[in-house]
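Chemist: Listed below are the residues making up each chain.
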Amino acid sequence: MSDNEYTPTSKAGKWFNDRLPLLTLANHLTDYPTPKNLNYWWTFGGILTFCLITQIVTGLTLAMHYIAHADMAFESVEHIMRDVNYGWLIRYIHANGASMFFLAVYIHIFRSLFYGSYKAPREIIWIIGIIIYLLMMAAAFMGYVLPWGQMSFWGATVITNLFSAIPLVGEGIVTWLWGGYSVDNPTLTRFFTLHYLIPFLILGLVVLHIWALHVPGNNNPVGIDVKKPSKDTVPFHPYIVIKDTFALLMFMIVFAFFVFYTPNILGHADNYIEADPLVTPAHIVPEWYLLPFYAILRSVPDKLLGVIAMLSAILILAALPWLDTSKIRSAVFRPLYKQFYWILVADVLILGYVGAMPAEGLYLLVARVATAYYFLHFLVILPVLGLKEKTLPIPLSITEPILGGTANLATARNKESSIK
Amino acid sequence: MSEKKTKRRDFLFTATYAVGAVGVGATVWPMIDQMNPDASVKALASTEVDVSSLTPGKTITVLWRGKPVFIRRRTEDEIADARSVKLDDLKDPEKDEDRAKNPEWLVMLGVCTHLGCVPLNDKGDYNGWFCPCHGSHYDTSGRIRKGPAPTNMEVPKYEFVNANTIKIG
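As they're listed, the protein sequences go chains R and C.
Taking the working numbering, the leading residue of the first sequence gets 23, the next gets one more, and so forth.
Taking the working numbering, the leading residue of the second sequence gets 7, the next gets one more, and so forth.
Keep in mind that the hints were calculated from the coordinates and are not lab data.
None of these values were measured; they are calculated from a predicted model.
Glycine residues also receive a C-beta, built at the ideal position from the N, C-alpha and C atoms.
The reader is advised that the hints may include incorrect statements.
[As the list claims (entries may be wrong)] Pairwise CB distance ranges (calculated):
hint, chain 1, residue 1, chain 2, residue 2, range
1, R, Gly-35, C, Ala-45, 15 to 23 Å
2, C, Thr-67, R, Ala-142, 55 to 63 Å
3, C, Asp-131, R, Ile-195, 50 to 58 Å
4, C, Asp-16, R, Leu-157, 35 to 43 Å
5, C, Lys-64, R, Phe-279, 44 to 52 Å
6, C, Glu-110, R, Leu-82, 32 to 40 Å
7, C, Thr-67, R, Lys-360, 21 to 29 Å
8, C, Lys-97, R, Phe-397, 19 to 27 Å
9, R, Ile-336, C, Ala-32, 40 to 48 Å
10, C, Lys-48, R, Leu-398, 46 to 54 Å
11, R, Leu-337, C, Thr-67, 33 to 41 Å
Use the sequences and the hints to build the structure in full.
Modeler: If you want it as structure tokens, here you go:
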């Protein structure tokens with residue numbers, strides 16, 4: 023990194039920085055050259071950091087009032103809602119915050135899919151991101167168990183039972199996960215512990231995610247390499263900071279709408295009934311952000327294969343940098359990929375919809391077709407498309423498509439070279 | 007490094023790794039095993055149930071080891087149904103005679119073998135049980151007939167202590 027030569031102006035700053043170069047790091051983050059054509063789809067990294075911090079802060083405060091015991095958990099959540107000062111607000115922020123976190127992460131992931139951000143040299147950023155996503159799902163699932171309502175209990179039962187599909191050792195693993203012969207108090211206490219731990223693991227991975235990002239720098243909507251720093255880049259502060267802040271404010275309006283106006287719309291009413299090991303709710307549905315994978319699980323009529331299909335659907339993303347054989351990053355210059363991209367978006371939305379519906383009749387058929395297409399996209403379409411597709415010519419620089427499109431191209435070119 | 011001959015130092019390295027691995031294993035195992043069912047959970051291993059109030063065609067659900075157990079007093083029709091099925095038609099072939107020693111009484115874990123939900127009584131295509139979670143159908147012997155569940159509902163160890171009392175576990 024070129025900003026290694028940074029020296030603080032004040033004497034005290036220099037003294038400190040010689041011993042711990044935190045100011046060098048701060049300077050790197052401030053000056054970090056960023057492509058100047060980043061659009062609002064690039065603001066979700068900052069939004070996600072906000073979501074993580076929000077979950078950690080509200081989670082810490084909730085943990086001061088919550089009691090992780092099968093006999094008391096449900097009541098302690100009601101106690102938070104009714105008695106604790108602003109308990110309702112903190113809990114609603116935390117519960118809806120999980121949904122907002124996933125909303126943002128899905129936009130972030132699909133941004134990467136559209137602009138090819140997972141391609142060389144950014145594979146490690148992408149894979150760390152997938153690990154974060156997996157940890158998010160684990161944290162969200164265990165967090166949903168903590169209120170010890172009907173959906174908590176039966177969701178926990180169904181998800182932990184997925185492991186029983188493993189031949190030979192499956193049953194043993196499930197008993198080990200439960201700490202008993204069913205989901206019960208030992209399960210609740212360990213889920214609470216892990217739910218508390220995982221956000222901090224995610225925080226560590228976020229640092230690695232950003233570190234890995236700062237090596238090659240950001241991808242951009244045009245998807246070409248930019249020299250940095252150059253006329254194609256702007257410093258992170260104030261340009262990106264202000265743009266991220268504006269986007270974050272817009273996001274917080276949506277967040278606040280859910281928290282204050284429809285705090286329970288994304289949850290399930292059955293979770294306000296205390297857990298009962300003798301009665302399964304008529305219709306078990308996971309939270310909305312897990313529905314596409316749930317649909318894949320149910321679309322396979324065999325237990326083990328269903329579990330394998332569901333896990334593969336997530337893990338296949340980690341192999342994406344090698345499955346997509348195209349050298350062109352941005353879908354802007356890949357006319358065919360662009361269409362398949364939107365079909366994939368539709369496919370995932372359809373999977374999410376049928377995942378919420380009963381697994382029978384037409385829904386099941388649609389789920390099966392959509393599942394098949396999901397894998398077809400990654401395993402067949404992407405590898406073949408990269409080799410066959412006729413891509414559009416990519417510009418030489420970020421500036422070219424903007425200035426190149428004007429009537430007075432020559433003037434633009436001249437101006438450009440005079441800036442150099 | 008180019009020398010291929012095993013040296014005294016290689017032996018020491020290997021021995022150190024081996025002892026180290028055993029040490030790490032011995033330290034990690036208690037951390038893993040603490041998650042297995044503890045003594046108090048295992049102590050709740052058996053439950054006695056009074057079944058005198060059950061008339062034919064009725065089912066009661068009791069809790070054993072935190073899991074529901076169905077105790078059904080079957081009707082003549084149900085027994086005949088369950089016993090007339092050809093083993094070839096079953097996904098997990100098991101004779102009804104082996105599942106219900108006393109044909110009138112069916113005792114089994116009320117846990118769907120797919121993903122652990124509690125199936126509903128008197129529902130489904132085979133007049134036995136139906137699991138609402140992912141649509142598994144069980145017959146009047148609790149055997150899987152249709153849907154994603156891989157095996158029949160499990161019959162736990164149980165015995166009649168006297169004519170009216172069943173001891174599960």
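Chemist: Under the constraints set out in the numbered hints, which ones does this structure not fulfil?
Modeler: Violated hints (numbers, rising): 1, 3, 6, 7, 9; every other hint is consistent with the structure.
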